[in-house]
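**Q** Generate the whole structure from the sequences, applying the supplied hints.
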Amino acid sequence: MTATDSMIWAQGLRKGFGDVEAVRGIDVDVRRGEAFGFLGPNGAGKSSTMRMVAAVSPISGGELRILGLDPAVDGPEIRARIGVCPQEDTLDTELTVRENLFVYGRYFGLPRKEVRARVDELLEFVQLTEKAGSMVEDLSGGMKRRLTIARSLINRPEVLLLDEPTTGLDPQARHVVWDRLFRLKQQGVTLVLTTHYMDEAEQLTDRLVVMDKGLIVAEGSPLDLIAEHSTREVAELRFGVAQEGDTHEVVARQVEDLADRVEVLPDRLLLYSHDGEETVAKVHERGLEPVATLVRRSTLEDVFLRLTGRTLVD
Amino acid sequence: MAATTPGGAGSPDPARATAPASTLAGALRLLDYWLTVYRRTWKGTIVSSFVTPLLYVVAMGVLLGGFIEGDPAELEGATSYLAFVAPGLVAAQAMTTVIGETTYPVMDMVKWHKVYFGMIAAPLRVGDIMLAHLAFVLFRVALTSAVFLAVMAPFGVFSSVGGVLLAFLVQLLVGLAFATPVYAYAAGAKDESAFNLIFRLGMIPLFLFSGAFFPVANLDAPLELLATITPLWHGVDLTRMLTLGRVDVSAALVHVAYLVVLAALGWRWAARRLQRRLIA
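Line order of the protein sequences matches chains A and B.
Take 1 as the starting number for the first sequence in my numbering and just add one per residue.
Take 1001 as the starting number for the second sequence in my numbering and just add one per residue.
Hint data in this document are derived by calculation from the structure and do not stem from the laboratory.
There are no misleading hints in this set.
Distance condition first, Cα-Cα at most 25 Å in a straight line; then the derived BS3-like pairs of lysine-lysine: (1) B:K1114 <-> B:K1190; (2) A:K144 <-> A:K185; (3) B:K1111 <-> A:K144; (4) A:K131 <-> A:K113; (5) B:K1111 <-> B:K1190; (6) B:K1114 <-> A:K131; (7) B:K1114 <-> A:K144; (8) A:K131 <-> A:K144.
**A** Pasting the structure below:
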């Protein structure tokens, strides 16, 4: 039934809160050493799934095994062997950076000496050594997130769960976090993360599932998903509102035969085709004059749009 | 760094993270957390621990008491108003200390800074977290009560050393009897406005009418009955018996039983409410 080197294994997994079904039956199998992602918009059920996997939320239906163990029976054993970086920081802001890590290490039953050594090592890893004596409330958002990541590694977890690891961070801080996570991945730590940033999913994950309304709507590597659900390139066309009253819908009907697929967004048209430049040239041949054009590769955002008819971040 | 340890249990390795074997073992893992917190906060509490009892004793016991005739027949056996009011003040202070420590601080842990959510993500359980926090609250009560009793000793209001030591232990019981239900209330409360009920309808009336400042026999019969079913009255009466050296054993046992039952019921309620808050 459950494979032994499955780090996380779920079948028909459900989570309901009263009348609301947040997760409506999903199958997941995360293997050792893999970087696995849950991609989806807010409210897709990602965080509910992560809390069940973190063994702090009882499942409402289906089956779930983490490290081969049942969270309903062996919650504390599971939590001793995983690391959790929650969406909201749960640091003690009145303690220093070092104290936060030290007391957390002690929760895992590790000897003080061992914890002290690990704290130094982790401060170095997340580049917070110079901030070791600072109060957490004085740290920037990016530093707090790095501290939370360091804290989640204090028990040398076999699986690291990251719920929206870079939400709310500025671009520079995001790249620092990505770099650290990438290093962990290279060291062989199994990463499981949720995100609504498609670039994050593309950068960090080997395999991901796209979630929408509590269900998995697609599964694969980022490249496979793009190949399967989108075209090689996308031409983005923006038309001025003055263009003789033409709305994007009207233009879409005029060009729909030029591309494999046309998506109408509030501010632009997306034309999916193998060769974006050629498509743009054909649009011009029809006498249409977009005020701005952009030809780019397809991304997971396009996959999501295709599968759900909605954008990831709105 | 973060190397994957091979699955399956081998020989016990001190560097290996584990689940605690018992609630006590789990609570002990939180010792360093609470020590760190206390190291950061003790200076702020120590001054009030000394000054508050002095202010009370001088204002209530000496100055107000100067107007009150020390008639043992009127004062439950006390030979001065100071000797009457001192044990009442000690027990009332145990109550107010506990309510202070189990309202806003508990809400902070579950709602504002969510420190408990960090703890429950580690291999700790709800009972471990509660036991450690309540042990810290009792430690605070022990300190403030010890200081309070020490400050009053020179005023000659205690009949014996043994009585005072037992009275000190009673403060821990009074503290626990208030700590668990108020903790339970705070652990499940939506926001801090819920505490108005505790302070205005709970703490202040209990403080004023539970026999700390005047014998409850002075109240009309129905109010006297009401006063004698409140937890603080049981604590005050028990403390006073011990400091005055006039112990009625059967009444004392009733007081102890009442406070133990309240603490136990509060613990069960707290465990349920905190479980619902943290594990959902």
